[in-house]
Amino acid sequence: MTLRAVVKGVGHYLPDRVVPNAEFESLVDTSDEWIRSRSGIERRHFAAEGQTTSDLAARAARAALADAGLDPDDIDAVIVATSTADLTFPSAATMVQAALGMTRGFAFDVQAVCAGFVYGLANANALIVSGQARRVLVIGAETFSRLMDWTDRGTCVLFGDGAGALILEAAESAGSIDDRGILSVDLHSDGRHKNILYVDGGVSTGTTGHLRMEGREVFRHAVEKLAETAHAALDKIGLSGADVDWIVPHQANIRIIEATAKRMQVPMDRVVVTVQDHGNTSAASIPLALSVGRSRGQILPGNLVVTEAIGGGLAWGAVVLRW
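Read in order, the letters of the sequence shown are residues 0 to 322 in numbering that gives the first Met the number 0.
Hint data in this document are derived by calculation from the structure and do not stem from the laboratory. Take the hints with a grain of salt, since some may be wrong.
[Claimed, not checked] Label pairs and their in silico Cβ distance ranges:
| # | residue 1 | residue 2 | range |
| --- | --- | --- | --- |
| 1 | G237 | F88 | 36 to 44 Å |
| 2 | G237 | G208 | 41 to 49 Å |
| 3 | A241 | G200 | 18 to 26 Å |
| 4 | E257 | S294 | 18 to 26 Å |
| 5 | E257 | E22 | 23 to 31 Å |
| 6 | W33 | E171 | 46 to 54 Å |
| 7 | T206 | A97 | 21 to 29 Å |
| 8 | T206 | I176 | 43 to 51 Å |
| 9 | A21 | E171 | 47 to 55 Å |
[To be verified] With a straight-line cut-off of 20 Å between C-alpha atoms, the simulated EDC-like cross-links for lysine to aspartate or glutamate are:
| # | residue 1 | residue 2 |
| --- | --- | --- |
| 10 | K261 | E227 |
| 11 | K261 | E213 |
| 12 | K235 | E223 |
| 13 | K235 | E216 |
| 14 | K235 | D148 |
| 15 | K193 | E223 |
| 16 | K235 | D178 |
| 17 | K193 | E216 |
| 18 | K261 | D242 |
| 19 | K193 | E213 |
| 20 | K193 | D244 |
| 21 | K193 | D234 |
Glycine is no exception: its CB is placed at the ideal position from the N, C-alpha and C atoms.
Taking the hints into account, I'd like the entire structure generated from these sequences.
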């Protein structure tokens, strides 16, 4: 028998404030048509004043717990993927642990920017298959609106806030590609590309800083690397794009999503797309899309799902799982 990390529950949370593209027309030289045509984004959500990343994460966690029919103390570990933690330390994950009223287990953050949730799933899978934990709550949560330079039309119109959560549970399986749960993982990073996507603040500057991005370079790397990592993850288990029921990609830009699907030879009607409603929510985008896709009736039990993402670092990767 083989131990697999199987999806037990999923949930998400979006802040109340919805920001349509038109709101940016008074800030920068842009328009609804310009934003839609270049990114596919129509609206996004922004956190309220005083609403933190751990607040969003805790709300998504509660939704996932309710979906799974579990209590907080049924969870052994909490992993929060985020680049916008409330404080330098302690981790957002420990704040979520406290907010949920958990009196056991352990919690930590993962920082791989937009690839954070994929890295979080990889860590959770390793904890489960090694026997370190039976149930792991993996959350992607961000308040990227706090990192925006509101004079930079190339970045400020792209990002939004939100959180998504997934609960993985250990289950004994036959050890075949028909098993439910995480079947393969593929992770990469290359620090030589730091300067094409980064935040110009931190401990070294004493400031929060703003997000800086070379859009064309990020686009080029994303299309190339996302398809490669997805294929690599599928190759590890002897499968191909033809076997995939759903791609649930990082929701950064509709053109990147379409180009990646084309390279994987997967039609767009088998891709979960939420970028139009959420914008780029960084580490939150994949769990948000998983939760929304499930609620739409797209993702069904037994479906083969590929998630893939790339973010600052550069860091990128893919996870193949059967729902």
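Outcome for the supplied range 18 to 26 Å, where the beta carbon pair is E257 and S294: holds (23 Å)
Would you check the hint for K193 and D244, treating anything up to 20 Å between C-alpha atoms as holding? violated (34 Å)
Is K193 within 20 Å of E216, Cα to Cα? holds (11 Å)
Does the Cβ pair G237, G208 satisfy 41 to 49 Å? Given a distance of about 44 Å, which is inside 41 to 49 Å, the answer is holds.
Assess, step by step, whether the Cα of K235 is no farther than 20 Å from the Cα of D178, and give holds or violated. The given pair, whose Cα atoms are some 15 Å apart, holds under the 20 Å limit.
Hint check: K235 vs E216, CA-CA at most 20 Å. Holds or violated? Since the Cα atoms of K235 and E216 sit roughly 29 Å apart, the hinted pair is violated (cutoff 20 Å).
Hinted pair K261 and E213, Cα distance within 20 Å: violated (24 Å)
A21 paired with E171, Cβ distance criterion 47 to 55 Å: holds (53 Å)
43 to 51 Å as the expected CB spacing between I176 and T206, which holds or is violated: holds (48 Å)
Taking the beta carbons of A241 and G200, is their distance inside 18 to 26 Å? About 45 Å separates the Cβ atoms of A241 and G200, which means 18 to 26 Å is violated.
Proposed proximity, E223 with K193 (alpha carbon, max 20 Å): Holds, because 17 Å separates the two Cα atoms, which is no more than 20 Å.
Taking the Cβ atom of T206 and the Cβ atom of A97, is their distance within the range 21 to 29 Å? holds (28 Å)
In this structure, the hints that do not hold are numbers 3, 11, 13, 14, 20, 21, in rising order.
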